[in-house]
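Participant: Taking the hints as your guide, dock the two standalone chains into a single complex.
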Amino acid sequence: MKTKIILIYFFIFLGTNLFSQKKYNSILLENGYLHVGNGQVLETSLIGIKNGKIVLVKNVLAYTYNKSDWDTIIDLKGQQVYPGFVAPNSTLGLTEIEAVRASNDFREIGEFNPHVRAQIAYNAESNVLSTIKTNGVLITQPCPRGEVISGSSAVMYTAGWNWQDATVKADDGIHLNWPRSIEYRGKKNENYETQKREIYQFFESAKAYSEVSESDKNDFRFESMRNCFKGEKRVYIHANSIQQLLDIIDFAKKLNLTFPVIVGGYDSYLILQKLRDAAIPVMLPRVHSLPENEEDPTDLPYKLPYLLQAGGVKFCLQNEGDMEAMQSRNIPFLAGTAMAYGLTEEEAIRSISLSSCEIMGVGKTNGSVEEGKDATFFISSGNALDMRTNNIVLAFVNGKIISLNNSQMELYKKYTEKLKK
Amino acid sequence: MKYIFSLLFLFSFFVFSQEFSPKNGVEDSKTAYYFLTNATIIVSPTKTIDGGSLLIKDHEIIEIGKSISAPKNAVIVDCQGKTIVAAFIETYSSVGLPEPTSKGFSFQPQIETSKKGAYYWNESIHPETDPSLVYSINEKANEELIKMGFGIAVTHIQDGIARGNGSLISLGSSSENKHLLKPASASYFSFKPGISNQTYPSSQMGSIALLRQTFYDLQWYSHATKKDQNLSLNALEKQTSLPMIFFTEDKWEILRAAKIGNEFNYHFTFFGSGNEYAAVNQLKNLKGSLIIPINFPAPFDLKDPYIAKDVNLSDLKTWDLAPSNPFILKENKINFSISSYGNKSQDEFWKNLHKAISKGLSPADALNALTVEPAKLLKIDHEFGTLDKGKKASFMIYDSNPFTTKAKLLEAWLLGERKVITTLPKHDIRGKYNLFLDGKKYPMEITGTPDKLNVKIQTLKTGISKTDTIYPNTFVQLVENDLTLQFNVDDANFDGSINLHAKVNSKLGIFEGDGYLPSGKWIQWSAIRNDKPETKKEDLSIKIDTNGISNPWFPNVAYGLDSVPTKQTIAFINATVWTNEAEGILQNATVIVNNGLIVYVGDSNHLLPLNAKVINARGKFLTSGIIDEHSHIAISKGVNEGGQVISAEVNIGEVLNSDDINIYRQLSGGVTAAQLLHGSANAIGGQSALIKLKWGHSPDELLIPNAPKFIKFALGENVKQSNFGDFNTTRFPQTRMGVEQVFYDGFKRAETYQNEWKHSKKSSDGLHNHHLHRDLELDVLSEILNGERFITCHSYVQSEILMLMKVADSMGFKINTFTHILEGYKVADKMALHGAAASTFADWWAYKYEVNDAIPYNAKLMADNGLLVSINSDDAEMGRRLNQEAAKSVKYGGMSEIEAWKMVTLNPAKILHLDNKMGSIKIGKDADLVLWSDNPLSIKAKVEYTIIDGEILYSLEQDKLLQARNELEKGRIISKMMESTENGETPKPFAKKRRKHFHCDTIGEEGSEGANTH
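If you read the protein sequences in the order shown, they are chains A and B.
All residue numbers for the first sequence refer to our numbering, where the first residue is 1 and numbers rise by one.
All residue numbers for the second sequence refer to our numbering, where the first residue is 10001 and numbers rise by one.
Next up, chain B with everything else stripped away, as it sits in the complex (with noise of 0.2 Å):
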């Protein structure tokens, strides 16, 4: 039955003729059955069959096994030495749609939407759209994904937060009318407002509760009687029954994404970005599945140390494990799906395959991972992702099995349409021939390879002395069986031109044919081959090897550690201890530390556990760690939403990311807690997040337990967008004036809001009252009016601190904290009165006007006045060095070194309300402690441990460990990644992520390099 193969590209076969549309001409033939024999079938991740057969219908698998046999009317194939696996499933695609196209930049802000229609009020969340409407076939490519092993996918316009509907498809190319198999698959979101010129949201919190909102007016607008038309939610309603699938770009933005789902209760799938294996212990417990992708990423161009010495361990160890990822899930029990993304070629996507194969995913992990997997999740496992008698014939049919050899796919058959993409492999003709040429004979030699030959024919040209021999340059192409030679020869027969085309008979050796010579007569002529070089079969096996996978490190960056940190018992003695508690400074003394929790300050007359870690601390500090009452490290995707001019509804707890380098930086400072800030960009900024900077562990665990909950308001010329540029001047408020009236504004909505719920009664689940339209800003506005959240307001001169206090007490709230305040001093008498407290810095100045008149004797004067103040950095770089910022109030209006101490450790406690469980050496407050080689507030002050919860993350000897082992491993992973390039892998250019940090005014998801305002 070779014949079959040996048709030259079979096309698509008409199976069905379209159903409704008239026809001219006669009906298309059909054939009855196909009968696939004698093949290796891979019917599931569990099941092969080796000398199988198949029996195909339209489009149905009818029978599989090993006996069948086939109907008189079938046409069969032998499937002889052939592999099929069922057709892949991709779950990621935009195949057969348009691109999303932007409107252009423009300088002026588009704070409102600019699509018409009874749509929602966002441009980025538009789950309306519907890739059915716009879906068109693309040959080419869908052949980019069959050549992957796809059969089927889910296309949807990748764009926005809420991206609308997925339309499941077949790959294949007659019609759309039958191709098109679902118009409403799968829903699709992310966290990426896409094109969208919308100021809001500009940050990833803005997009969390943006969707937040957007469920809960859903929730609303679902049972609402009374309400406007609106077709976004609509479209949405739909689609929460729909298998909901989340894009995401980081491991710790699936859990975010997972937070959401657990709020609304819906079963979301994670689109995973391949560094899963750095959170399995969070992943482990994640509710719904995983779609990986494995766009592995490519090696460093690092021959140059120069440049090699430049890039950022993290970025090596991604490299490093990325491959692996597949393998760490499945080891750790993790179930997903394997999505083509990101490969731009087959080739790509084949070698990425086998690379997670060869790290240890195994076949039957990877084909249910293509197949299996994604035809659960997208409720189509009745239908695809097996071979099962009465499954659709989707499926392809590879030269070998293609998890474990470099496999060819020879045919696609999608829905039981037959589309051949190779033929078999070329004859191969390699060998020694003896060509005859009109009566003439040429020695000939064939090498190479079957698709690249290389022809030497051996000519000889008489000279005067001597007779050289010629091999002249000689053209061939071999198309099955046809053969086309040219050469140019200059000798004692012929001087011109040879041109040859014969028949290969490849198993006698033996080519005939007809041609010109350079005479222009026309030849018959032949070749005989004499001798037939042994072949050695190229070895397309994938090999395996699990040895070289290197362990994530808690964080997998630089510093990471190698497990993540537990609680030790610890005992510092002969220590010289400042508790800040009425017991002052002890001399001598011992500190215990158990179980996270202080459980002995005193004298050393007191027993040691056995367990515990002794540090002999004669000579040195020992502090409670301090904490920076505005910081904006640790912090994902941006730190401002400035797209509104209130933003209570995001949170910066939301987006916290446990890898910067910053923490440890700042553990090496001595720092163990911050308030991380929402920045300033606008007057009702986002909920703060209180953290313990517990280097090691996940973004969950970095927030300090039942912490009080903080906001962040702002006044001055970033709310009013002064320095933000010429462009900028269209946004409420641009004076102080609009300042008090945004605040007026919010309070008095939060104030009628509160009361509708008042009034109205709980639902019977007691949970939702579905008849109140839930607002997640004026919640967190109510919360202030309820005294349940604090306020940390960032503020510069005295006219606008007044009005604020003016402003809050009218309103019946109180500013707990200002920050900056750096013209306290003027109102401190004032800010006494109200309650509030002062985070303040040591001594910056002059960067904006109306820092014109800060002074360094603020904190002082401050104090003075009997104001609760604290020093802080709202900068990585000072973050570490804020004993150095306490000290200067000793310099600047001669504060005494206990007051200034406490400004870093006590006061800010005392002012975030955690002085409870932290600012002090007491027992039974948290083990967040520092030892300090000397005074703490004198220059010379270096941090020799810093400890939070009982945890030991940083000292200085480990310190030194740490760099040695980075030094290591750049090392390891640089030689790997060169023995990669010489192995054929193409290296990127070398492209360094440089350090950037969030300040107070840095807009958008990208940190800011350059000068800033604070």
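Here chain A stands alone, though its shape is the one from the complex (with noise of 0.2 Å):
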């Protein structure tokens, strides 16, 4: 059987559930102008997925194919493919209302929490997460929220029956609040040296652990830590100080972090080439912020992407701060307005996909649209990045077309009947 479709512009309401029916095990998708993700762009793309993998992707005009091989051909002349885009470090899944207490599991008790884990309280069925999908948002990355240590995080489908199966990574990393050394109030933090001493304590323990065996495993806590020293496993520092960012380079390296990350980077753009030189990478602060001092240039926020971009450095864009888990679904803008600052489209593309996935450790199979990789991406009728024009047509979550109604939307055909009568 071949389907043929035309994709339209409020193919969301009817074609999902056309989509939802069936199962479709190869398609074709012919003629959309590719965003791959990694910089590079095909105008006239060809993206072949079969098994939830792509295992195709070329220009349609220098590549000779048999139709009779696809189950389903669709067209997406006139319309733009983007990778599935990232929402780094968010509360998404871990908190419905922010306000309503009994509704938030994203902070729990303790200063050294590294064996908590963000990925078994994932809400897959969450309100919030059905509207973020619906922007173009495919993966997001629940971080507990804490003291010293809050947690593991995980790397998460935003679509998803249950936590298992919205798994793209568990336990990726885990997040160390680093001390400020200006503390909230204003004033320098006195306590400073003590509290940077006690992580290198922590750390140094855990470290030590880890030299022995898997079979002892008898500290949960530093259990969880062991792949922070020899595997894969993330430490995600959080920081914004250029006294905090400094210190923290001399950690990573006298711990022998093997993948250390820096979350939030407000100063990053002040020690660019030491942050090259280490190699560590930055998931820079919500791009529609305010600056931090009075007299920083008032669009510095919207320009650190391209001032790290322009120095070498290593980053991606996350969007912590007020209303964080809702706000999400605006991650596309934060990248247009890096854009609209500097970086070229593709590279503010990769900043929100590709690049957000390589710092998590999920490069090789997510963020872009390349043969071999899992298929999560999505078909826009628009430029997905500026908010006329996102207009998300289509999405494949690891290969599965996924439903893009919401809530809202319901709402919204609710009452656009209800005003009608």
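Watch out, some of these pointers could steer you wrong.
[Unchecked claim] As a list, the in silico DMTMM-like pairs of lysine to aspartate or glutamate whose alpha-carbon atoms are at most 25 Å apart:
#, chain 1, residue 1, chain 2, residue 2
1, B, Lys10940, A, Asp296
2, B, Lys10309, A, Glu193
3, B, Lys10227, B, Glu10128
4, A, Lys187, B, Glu10985
5, B, Lys10970, A, Glu292
6, B, Lys10309, A, Asp250
7, B, Lys10355, B, Glu10331
8, B, Lys10709, B, Asp10779
9, B, Lys10309, A, Asp296
10, B, Lys10970, A, Asp296
11, B, Lys10147, B, Asp10451
12, B, Lys10960, A, Asp296
13, B, Lys10620, A, Glu345
14, B, Lys10940, A, Glu292
15, B, Lys10227, B, Asp10775
16, A, Lys413, B, Asp10829
17, B, Lys10942, A, Glu347
18, A, Lys421, B, Glu10899
19, A, Lys188, B, Glu10979
20, B, Lys10806, B, Glu10740
21, B, Lys10309, A, Glu190
22, A, Lys400, A, Glu358
23, A, Lys414, B, Asp10829
To be clear, the hints were calculated from the coordinates, so they are not data collected in a lab.
Keep in mind the model is a prediction, meaning the values are calculated, not measured.
Facilitator: Here it is, written out as structure tokens:
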């Protein structure tokens, strides 16, 4: 059976229901303007998906293929194809309504909680989550918030039946909140050195523990950090000021962390060379935020991505801050603003797709539309980085077409009907 | 007559006996006259007598002049080389009074007064406070002030909004009966509620409203025939005829206090905060005088650049300019008194006074500000302030002119009571001596300063192979002419401690006295000077340098402008113009601005004015400025008066802060006007301010002239305090049911109130009807009933929206705007019937329970149902991206670009009833324009120019220049700061003021930092 579909504007409402009833094993997408995610563009692309994997990415004009090899062929002429956007460092799935305590699952008690895991608290059925995918954000990273080490995050799809199905990577890294060199109230933190020493001690002990084989599992905390020294597990270190960042570079070196990542890094633009040399990537602060200091350029937060790009430091965007869960759907527009303030369009796209996945350690399978990767991408009828034209008509998560419907659309439909009467 | 000085510590003579107290023993003896002669007498700021004399009897100056002679029975005090200056007058002190103590913090809000007695209903209004009842002499505190040169002070308990009396005291210590001069000498006011735990007022605008209401209460109370007893108002009535001193903490607070003064025709004296230099244009026209502190800020410790980087430029500017405050005020002909307030020690006070003088304040002006001015304002200039004949004998004797040199205070004369502070400098015994001990000679050298001597005695220790010269540690003490020496010797002569005492003859350089040798032998000893060192006289004069004075910026923060911006003639040519009018989008068009207005919109065939700044806008987009219907920037000290459930009496317009950096940031996002709303902590909040973002102007100049009146209402979770923690469960209402009743109750009271006023006649002056009791809250509610004030109501869910429209319909008023209105789409039809407009967020939701059904299609659905819809920010950050927020309605629901754009320009103008002046590009409208690099709804659009009333307040080009200038200025001041630290100023540890922003639910005077629920 072969289905030929032309995508139309309100495909979202009609199409997804259609798809959900059938199983498609081999899909060919023709003629889409493909933003690969790695900085490349294929203006007339051919994308083939089989068994959930991308098996073919070619220029349609320079490739001959047999249409009968595919059970579904979709013509994307005039449409744009993007890798699934990523919302790293978020509480998405761990909260529903922040003011309602019972709905919050992101802050655990305790100073050092590397063993506390976000993955299993991730609510795949969250109403908030359902509005995120609709804007093209298909991967997220639920992160515990808390004291010194707040817990382990996970890389998750924004669509799935349950956390198990939605997992891209469990326990991808632990989150360390570096002490503030300057406290909230603006005073110099007199205990900074002591607090730093505590972190060193904890990590040194964890490192020593990791030297003994895995059969000796007797400490949940240290066990959860074993791979920070031996494997791929990230240590996400949250910090912003230059003092903190330099101390973190030292820390990562002394502890020989395999994958340190700075989350925040407002001052990173001042130490580009050092970050580049240390090969520490940065998850930049929310682009749509105000400058920290009175005399900072008004557009400094908008320009940070460009400054890091120009300085050769690996980075991606994230969205931590006020209403961060709900705001995750605006990640595409953060990249849009970064584009207006210096990044090229493809660099901007990379900063919310492949770069994010690489930093989280899932770049080999996710983050771009390339042969061999998991099919997690979407089609927009217009430029997805501009709020006027971000209009997702079709999205694949791990090779499956997902429903783009959400509770807000339901209410929209319901009251459109009601108010017509 | 030197012997007088050599008397050790002459303590106060009791010049008077206590008049009524019975004496134990015979009457105290009295000195008939004192005759101080050969002095330099600074009689007044304009008159100095060299070699003058002063004749004093009891507490009065009997005679002063050059050629007066002493009566025979006068004690003569030779003041050769000394300077006599009138005692300074401190106008702001709490000396001799107990500290106000709070009852302690409680989680439970205290809504009513806890003070027992027939007093005012609010604990921060306590004019009945009478410090004279609790005044007792605190000699230590007095002495600190005396050492600063003060002899007279007004002391009051520094707490509350109406604080009570200040008592005039002399700083002498003989008895309260003598030195408490006037129990009620002044009255004190402030905007700070102080130790009161009552929830109201919790914001500065609340304090303003409370004080105004108190004065209206007083007006009525003074004339009312049928009234209850109120001890607070009784006291306040008397105080309005005293000098009224108003404490402020910022230059703009002075203007706020002045408005209250003008309203009630009170002549306040304003106690300033030291940053008045940044408001001279406004303060020039101030009615009433100023008192300024000279507690100049200490430099920051900025050695570490990682710390220096985080210090706000405005804090650096403040440090740089503060010492020039007195000079700049004088330059601008603004009179002031100086207070020692905030100086913790006499050293600090004199250092700061000298700093002010070194920055250009003339010694005469300094003296004037410390004596004549305060005497005038306290109405005691017939007794104090100068050293004229007949005035009180309250003055200080210094060893030199204290204004031009670092002088020492020698004596204080307080109402004729003499108090010796410092005896003459010690004898200078420095030099080389031979010390003779029991026939043995030791070379001795005395170095150091007269205050801190250093003695080196040379002894020889003979060892086996060589002889070492040893200088033993030597203790030395010189009191007057008594010298004590002690040292340990181990030589051929002695082995052990030598303890010596001698009388000093410094003129001859001889010490003679007695002592113990280590052997216990009592000896006579002596020392004779054989060489006197050349002593360099320490230069104590104050250097004056006015070259380094920088100018304040407008405002005096980063990105402040060098001068107040002015209207320009501007022509945009070749622009794509989004007119928001029937013409739609014009291509290659010209728009001309003159005198703050748009004077031409059309094709390029128009002649450009010769003086016009021509901006070539080829490829760019010109629009009218963005109007933010819901903003909380540029507000001082509290956005919510949540202390009461109805606070209609408070007004955001009274607490504008034109220094807020967010004004500039929003200009960079194309915002030109905003409605600054009260928060949503109560059902009927406060009055809004409709402003333009006129960077560089004063608070009042931000206000849009003749703007319609607005007030904020609120419904839902914030009003019922759902998210305010478990302790906030006692204020009515706690449910939406209660909220309805608050409205009915308020408007019913307003109706009754209005009727009373309608049926009464005006008093003869036509202004106030004293027989009726004016109520500021009900005044405002009446305006609503009369259709004179529009309502913007914070609202979320459909039930409460319907409820309020029903209340309004039944009470005969209208809801102009529902703001937030995230469930507006559910009841858009009913809102259309009522005639309400909607101002909403583009896509916010899920931050609290009542926004669970918020959808981003809301704006579109409401617009489709005929509602006037705008998109607002309610957020300092989002405020500068409202173009993007508007663009979201193109995505969510498919609104056309023009309609989406109108939601942040023309629609809010209409909602705010400002569309006759703003919201579109049309001849005759205000020149509030923005030039964009791209289609303004595009994610790529950047603002290149923002113009308000024809003033260019932001441009990319200017922004670059300002950034470079900020950098230079920061570098300059940091260098200066480090230099001052090297020169001995003690730096204070760095403390950065964090950026804080007000949101709907922010309680208290401080902005919030963390999450908020809007």
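Participant: Hint by hint, say whether it matches the structure.
Facilitator: Outcome of the hint check:
Between B:Lys10940 and A:Asp296 the alpha-carbon distance is near 21 Å, which keeps this suggested pair within the 25 Å criterion. Restraint check for B:Lys10309 and A:Glu193: satisfied, since their Cα atoms lie roughly 20 Å apart, inside the 25 Å limit. Proposed proximity of B:Lys10227 and B:Glu10128 is supported: the alpha carbons are some 18 Å apart, at most 25 Å. Among the hinted pairs, A:Lys187 with B:Glu10985 is consistent with the structure: their alpha-carbon atoms are about 20 Å apart, no more than 25 Å.
With a C-alpha separation of about 16 Å, the suggested pairing of B:Lys10970 with A:Glu292 holds against the 25 Å cut-off. At most 25 Å may separate the alpha-carbon atoms for a hinted pair to count; B:Lys10309 and A:Asp250 meet this at roughly 21 Å. For a cut-off of 25 Å, the pair hint linking B:Lys10355 to B:Glu10331 stands: about 17 Å separates their Cα positions. For the proposed pair B:Lys10709 and B:Asp10779, the alpha carbon gap of about 13 Å is at most 25 Å, so the pair holds.
Distance restraint check for B:Lys10309 and A:Asp296: the Cα-Cα separation of roughly 10 Å lies within the 25 Å cut-off, and the hinted pair is therefore satisfied. For the proposed pair B:Lys10970 and A:Asp296, the alpha carbon gap of about 12 Å is at most 25 Å, so the pair holds. Distance check on the hinted pair: B:Lys10147 and B:Asp10451 sit about 19 Å apart at the alpha-carbon level, within 25 Å; holds. The suggested pairing of B:Lys10960 with A:Asp296 holds, with an alpha-carbon distance near 12 Å, which does not exceed 25 Å.
A distance of roughly 21 Å separates the Cα atoms of B:Lys10620 and A:Glu345; the hinted pair therefore holds under the 25 Å criterion. Taking the CA atoms of B:Lys10940 and A:Glu292, the gap is near 23 Å; set against the 25 Å cutoff, the hint holds. Straight-line distance between C-alpha atoms of B:Lys10227 and B:Asp10775 comes to about 16 Å, which keeps the hinted pair within the 25 Å bound. Between A:Lys413 and B:Asp10829 the alpha-carbon distance is near 16 Å, which keeps this suggested pair within the 25 Å criterion.
Restraint check for B:Lys10942 and A:Glu347: satisfied, since their Cα atoms lie roughly 19 Å apart, inside the 25 Å limit. Proposed proximity of A:Lys421 and B:Glu10899 is supported: the alpha carbons are some 24 Å apart, at most 25 Å. Proposed proximity of A:Lys188 and B:Glu10979 is supported: the alpha carbons are some 22 Å apart, at most 25 Å. Proposed proximity of B:Lys10806 and B:Glu10740 is supported: the alpha carbons are some 10 Å apart, at most 25 Å.
Note on B:Lys10309 and A:Glu190: the hinted pairing holds, with a Cα-Cα distance of about 18 Å set against a maximum of 25 Å. A threshold of 25 Å between alpha carbons decides the hint, and for A:Lys400 with A:Glu358 the separation of about 22 Å falls inside it, so the pair holds. Annotation: proposed proximity of A:Lys414 to B:Asp10829 holds, straight-line Cα distance about 15 Å (limit 25 Å).
Violated hints are absent here; each numbered hint is respected by the structure.
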